[in-house]
Amino acid sequence: MWNGVGKMAWEGIITDPYTGRNAEKPRRQGKTIISDLGYGLGEIKDFLENCGQYIDRAKLAFGTTVIYSKDYLREKIKLYKEFGIDVNPGGTCAEIAIYQGVFEPFLEKAKAMGFTTIEISDGTIKMDDKVRTSVITKALEAGFEVISEVGKKHISEQLEIQEAIRQIKRDLELGVSSVTVESRGSAKGIGIYDKDGKVKADDVEAMLAAGIDPQNLTWEAPTKDGQEFFISYFGNNVNLANVRYFEVIALEGLRRGLRGDTLHKIVNNLL
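For our numbering, add 373 to where a residue sits in the sequence shown, where the first one is 1.
Don't read these hints as lab results, they were simulated from the structure.
Check each hint, because a few of them may be wrong.
As the list claims (entries may be wrong) - No more than 25 angstroms apart at the CA atoms, straight line, and that leaves these computed lysine-lysine pairs for DSS-like:
{"#": "1", "residue 1": "571", "residue 2": "597"}
{"#": "2", "residue 1": "561", "residue 2": "597"}
{"#": "3", "residue 1": "525", "residue 2": "568"}
{"#": "4", "residue 1": "451", "residue 2": "418"}
{"#": "5", "residue 1": "499", "residue 2": "526"}
{"#": "6", "residue 1": "418", "residue 2": "443"}
{"#": "7", "residue 1": "398", "residue 2": "525"}
{"#": "8", "residue 1": "398", "residue 2": "418"}
{"#": "9", "residue 1": "503", "residue 2": "451"}
Said to hold, decoys possible - The following label-pair restraints were derived from C-beta to C-beta distances:
{"#": "10", "residue 1": "634", "residue 2": "481", "range": "43 to 51 angstroms"}
{"#": "11", "residue 1": "559", "residue 2": "499", "range": "16 to 24 angstroms"}
{"#": "12", "residue 1": "382", "residue 2": "530", "range": "45 to 53 angstroms"}
{"#": "13", "residue 1": "477", "residue 2": "499", "range": "18 to 26 angstroms"}
{"#": "14", "residue 1": "502", "residue 2": "633", "range": "23 to 31 angstroms"}
{"#": "15", "residue 1": "501", "residue 2": "457", "range": "31 to 39 angstroms"}
From the three backbone atoms N, C-alpha and C, an ideal C-beta is built for every residue, glycine too.
Construct the complete structure from the given sequences, taking the supplied hints into account.
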């Protein structure tokens, strides 16, 4: 039995304190994107029966797909799609393909395996605008939905905010459907997070001041503090990624005002 399908437990009695949540899939806004770090099929099935209704995309993180057999990977992709969840190989997997000079065969195999979305990133490798333009264009021409990620994975290589803004605008102009702002799993000292794990609000405001439409952005938010910041700042239909497997229901509660963190702001007229 799938949770979230059919009549809800408290229907007609308790409603969402924070209204306006996009409850039905497919969602253009308010997406929750999880990172699959290598979970088994049985575990995934149990997990999705519990909260698949609240997940929009699963990233098969970093290069995990290289470790799977062909049949196993196809089965994993199929399982996610049965629950209406898009799937993409991690951006690091595409980075390796670019680094090794096999990006076009990588796209061909990705399509054959059942992927319909490709993520382009340069969190680890170096990639100039010419290469970035080439790989995004090739993925689009191959028929994939293309998302990109902006930001570096290593603390010593962090981008200045104006450079991050330039790269976001570049990717959107190239035709990606969404740009993800990097945080890694730690959300400390990476991207728009400071060394203590707090979102750098000035950087967020700089992106908006530069004319970037927040609807075209997805914020990596692996921590509750980050999730709460973005929900409070942009509303409950903000796109959030790098969500931990076991925190999907908790995040949906934050989005709907069903946790004290956002409920407190609602009852005090702060949301």
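Structure-based check of all given hints:
{"no.": "1", "hint": "571 x 597", "result": "holds (11 angstroms)"}
{"no.": "2", "hint": "561 x 597", "result": "holds (13 angstroms)"}
{"no.": "3", "hint": "525 x 568", "result": "holds (15 angstroms)"}
{"no.": "4", "hint": "451 x 418", "result": "holds (11 angstroms)"}
{"no.": "5", "hint": "499 x 526", "result": "holds (12 angstroms)"}
{"no.": "6", "hint": "418 x 443", "result": "holds (19 angstroms)"}
{"no.": "7", "hint": "398 x 525", "result": "violated (31 angstroms)"}
{"no.": "8", "hint": "398 x 418", "result": "holds (19 angstroms)"}
{"no.": "9", "hint": "503 x 451", "result": "violated (34 angstroms)"}
{"no.": "10", "hint": "634 x 481: 43 to 51 angstroms", "result": "holds (45 angstroms)"}
{"no.": "11", "hint": "559 x 499: 16 to 24 angstroms", "result": "holds (22 angstroms)"}
{"no.": "12", "hint": "382 x 530: 45 to 53 angstroms", "result": "holds (47 angstroms)"}
{"no.": "13", "hint": "477 x 499: 18 to 26 angstroms", "result": "holds (20 angstroms)"}
{"no.": "14", "hint": "502 x 633: 23 to 31 angstroms", "result": "violated (46 angstroms)"}
{"no.": "15", "hint": "501 x 457: 31 to 39 angstroms", "result": "holds (37 angstroms)"}
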